[in-house]
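Chemist: Sequence:
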Amino acid sequence: MTEKLSASEALAQVRATVLDCAAAMDLLHAALTQERGLGHMPEGKRRRDAQSPEL
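Counting from 43, one number per residue, gives the positions in the sequence shown under our numbering.
Incorrect hints may have been included.
Ranges of calculated distance between the beta carbons of each label pair, as one might list FRET restraints [claimed, not checked]:
| hint | residue 1 | residue 2 | range |
| --- | --- | --- | --- |
| 1 | E45 | G79 | 38 to 48 Å |
| 2 | K46 | R78 | 38 to 48 Å |
| 3 | T44 | A66 | 21 to 31 Å |
| 4 | A49 | R78 | 26 to 36 Å |
| 5 | E45 | D68 | 27 to 37 Å |
| 6 | S50 | G79 | 37 to 47 Å |
| 7 | S48 | L70 | 27 to 37 Å |
| 8 | S48 | R78 | 29 to 39 Å |
| 9 | A49 | G79 | 28 to 38 Å |
| 10 | G79 | E51 | 39 to 49 Å |
None of these hints come from the bench; they were simulated from the model. We put the beta carbon where it would ideally sit given N, CA and C, even for glycine.
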């Protein structure tokens, strides 16, 4: 029982699914970070700090 979708409708559903997955990953990351007491540091900041010569 498959509903026939237009390309734009299918793309909208895929996009919504990807955004849902990204939100779930963010929540999981926040929970694990809080559980481990690590604090939150955005991914980009970690990369910049790792490349920073003064560290």
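Chemist: Next, verify each hint and record whether it holds.
Modeler: These are the hints, each one checked on the structure:
no.: 1; hint: E45 x G79: 38 to 48 Å; verdict: holds, 47 Å
no.: 2; hint: K46 x R78: 38 to 48 Å; verdict: holds, 47 Å
no.: 3; hint: T44 x A66: 21 to 31 Å; verdict: holds, 25 Å
no.: 4; hint: A49 x R78: 26 to 36 Å; verdict: violated, 43 Å
no.: 5; hint: E45 x D68: 27 to 37 Å; verdict: holds, 30 Å
no.: 6; hint: S50 x G79: 37 to 47 Å; verdict: holds, 45 Å
no.: 7; hint: S48 x L70: 27 to 37 Å; verdict: holds, 33 Å
no.: 8; hint: S48 x R78: 29 to 39 Å; verdict: violated, 45 Å
no.: 9; hint: A49 x G79: 28 to 38 Å; verdict: violated, 47 Å
no.: 10; hint: G79 x E51: 39 to 49 Å; verdict: holds, 44 Å
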